[in-house]
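Chains as they are written, first to last, in my numbering: chain A, 1 to 174; chain B, 1 to 601.
Rather than coming from a laboratory, the hints here were simulated on the basis of the structure. The structure displayed is predicted, hence computed values, not measured ones. All the pointers check out, no bait thrown in.
Once the Cα atoms are required to be at most 20 Å apart in a straight line, the calculated SDA-like pairs of lysine to any residue come out as:
{"no.": "1", "chain 1": "B", "residue 1": "Lys-41", "chain 2": "A", "residue 2": "Glu-150"}
{"no.": "2", "chain 1": "B", "residue 1": "Lys-21", "chain 2": "A", "residue 2": "Gly-149"}
{"no.": "3", "chain 1": "A", "residue 1": "Lys-116", "chain 2": "B", "residue 2": "Ile-584"}
{"no.": "4", "chain 1": "B", "residue 1": "Lys-21", "chain 2": "A", "residue 2": "Ile-147"}
{"no.": "5", "chain 1": "B", "residue 1": "Lys-461", "chain 2": "A", "residue 2": "Thr-76"}
{"no.": "6", "chain 1": "B", "residue 1": "Lys-301", "chain 2": "A", "residue 2": "Asp-62"}
{"no.": "7", "chain 1": "B", "residue 1": "Lys-456", "chain 2": "A", "residue 2": "Val-133"}
{"no.": "8", "chain 1": "A", "residue 1": "Lys-162", "chain 2": "B", "residue 2": "Cys-586"}
{"no.": "9", "chain 1": "B", "residue 1": "Lys-21", "chain 2": "A", "residue 2": "Glu-150"}
{"no.": "10", "chain 1": "B", "residue 1": "Lys-585", "chain 2": "A", "residue 2": "Val-161"}
{"no.": "11", "chain 1": "B", "residue 1": "Lys-301", "chain 2": "A", "residue 2": "Gly-65"}
{"no.": "12", "chain 1": "A", "residue 1": "Lys-32", "chain 2": "B", "residue 2": "Gly-300"}
{"no.": "13", "chain 1": "B", "residue 1": "Lys-301", "chain 2": "A", "residue 2": "Thr-76"}
{"no.": "14", "chain 1": "A", "residue 1": "Lys-154", "chain 2": "B", "residue 2": "Cys-586"}
{"no.": "15", "chain 1": "B", "residue 1": "Lys-21", "chain 2": "A", "residue 2": "Ile-167"}
{"no.": "16", "chain 1": "B", "residue 1": "Lys-456", "chain 2": "A", "residue 2": "Phe-81"}
{"no.": "17", "chain 1": "B", "residue 1": "Lys-470", "chain 2": "B", "residue 2": "Asp-452"}
{"no.": "18", "chain 1": "A", "residue 1": "Lys-159", "chain 2": "B", "residue 2": "Val-558"}
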Amino acid sequence: MRIKRTNTSKNKTKNHLKVDLKLIDPIISKYKNKKGNLIPILQGVQTTYGFIPHEAFIKLSDEIGLKLNDLYGVATFYAQFRLHPGGKHIIKVCHGTACHVQNSDGITDALKEELKINDGETTKDNLFTLESVACLGCCSLAPVMMIDGETYGKLDNAKAVKIIREIKKTEFRV
Amino acid sequence: MENIKVIVGLGSCGIATGANKVYNLIKDIKQRDKLNIDLGKTSCVGMCYNEPLVEIFDKTGYYLYGNIDETTVNDIIENHIKNNNPVNDYLISYKLISDNNKIKFFKEEDKTFSLSQHKIVLRNCGYINPESIADYESRQGYQSIKKIAHEKISSASVVKTIMDSGLRGRGGGGFPTGLKWKFAANKKSDEKYIICNADEGDPGAFMDRSVLEGDPHSVIEGMIIGAYAIEATHGVIYCRAEYPLAIKRLNIALTQARKKAYLGKNIISIKGFNFDIIVKEGAGAFVCGEETALIASVEGKRGMPRKRPPFPAEAGLWNKPTNINNVETFANVPWIILNGSEEFTKFGTEKSKGTKVFALAGKVKHSGLVEVPMGITLRDIIFKIGGGIKDGKKFKAVQLGGPSGGCIPEHLLDTIVDYDSINSTGAIMGSGGMIVMDETTCMVDLARFFLDFVQKESCGKCTFCRIGTKRMLEILTRITQGEGEEGDIEKLEELSYQIKDNSLCGLGQTAPNPVLTTIKYFRDEYEAHIKKKRCPAKSCKKLITYEVDPEKCTGCTVCAINCPVDAISGERKKPHLIDQNNCIKCGVCYSKCKFNAIKLY
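Pulled out of the complex, with its shape left as it was, chain A reads as follows (with noise of 0.2 Å):
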């Protein structure tokens, strides 16, 4: 059912980071006193931060009206919101029918080892996060992975290592 994330949220107070609530002042002005406003403003805030801080959550319902709960009932239900900070790139591997009967499971197991972190979690350094998605919607080119918003297809489990390393590379070159 959906509502793995809401039980994941230890780190609370870690995420008391220097959040600039004004920098969402916009996405309110502009989606206040608009009908079935609440998902495009919640897609708004976690564009802005990149996961849709409780600072957030609060200022959102003063301002526009909206119950907290509501807030978070939309939030948890979503695949697409995120509650905490994910890391700076954002590894989907796709586990839809083609890349399951493709070994989309040695990909996410391969990744895993090499980023020494379970499914869906953070590194360390918060460079990555490794996540599983439905579908990407590339299965002629299964197995596939999308990492910030670019597709990889064709994959094997050497091949998205491979990927990984070099992302590594141009961030520790910089």
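Since chain A is already given, all that's left is putting chain B on it; use the hints.
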């Protein structure tokens, strides 16, 4: 002389294989060498297995190149563009003006792939620049809505034409579209909504994405005609956020359509016909493909289905009469209006008219997007168009309809594509995902995979769907891990029927289908897992063993070097040994060994 036209296929799949790089490279070379070429973009033509694709139009005719990368692109520019010498090595097909534009193929398989199809929905995909309304108009785009205006066709007769055409909902349910429109048209209201369901959440399906990316105007025109027919005032396209390119192109298309007054007030001078469309981005929930959940999501709520009646046609979005159709359904509409319902009924079977688009993927040689007339057999799609199974393996089953569908085994491959024939196998037509599986796919694991999906995607409202799918998943996981028990199959069947009977929406009602069809056709695989603790497909990790055949092992050490957990030991030039306690069954040794010395059983 007219410029040579060079067009690169930039759909999501093409981009993933590097089409953007190819495009940019051509652009750079064009500037550097001051080439007189027109560089353009198009979208997916469906031949995904040959991506990236480049088309060239020159004074002699049309040429289609496939599998282009940065080196081959240089070759093509040097020989073809600069010296008028087409490079046969990379050519898929060509049409020469001197040969009356007859299409010729280099390979038989590409010929069968292309010529066995019939394109209505995908009529423009890959032929136009999806970001150009002029391109769409040049291929009879917006002619249907103009026809309605000029010939003063009444909204009732538009509904009748769609009813006569026999068009059925392409989202999977197969409800007659004309009838749906009639219900919505009959309901009087000052405000009415028409929604395009573009929340293509089926894992393994990408038809709607390709249509939206390749020909967004056809969907918009379909919606405008629908709006005219049911007198809708507002339109919403509910599109998955996972399809950023589709959303971008839809928004471009909507702006263009507004500028040309195809949207807005008194559209094409039809008095009082006011209609506009907005795009709503989904936020990632499979259940939102169900119409009442979709409506809740557009309203900004959790996407949970509700009881019907009232049906959306009576009380839908914001409690107003609402009509929801899928992307492919809308893309059919302009063609039907323009060519007439009779022309449409020439394709298909008695109860399923027209064509169907399938996303052919999995262990098939030619994966891609195919549009075939209803009535074709599954065998023809997989073995003729798809070219058969990859890597010389044996066909095992084809999965239709995603998590709501089922697996069809080899002896039923002559089933025809038609809503009722496919339903009779226990699968469903679905939205068009068609995943081909070979002998290495474990059917129990596949059932577990789908149950895992629906279990996560269940909204949690109905007990049977919420808890029942979880219990089924637990049983299936146990079986695939070698802990299956006598009676598990019967338990799965019982749970399946209860979930089907007691769930509110389509998600729960169809969730057990993958399990039921695999039990029906592959019961022996379940039994092998439970009784013999073996996986016949050699895929379930807990049930397989890798061993070195000392007779064949040459002691080359390749396996030992590549083993990620150092479970293989042995001296150079002597047979190696796998430590079964450490082996994680990753299969690296099996794929690396050049001497077939690793046994898998």
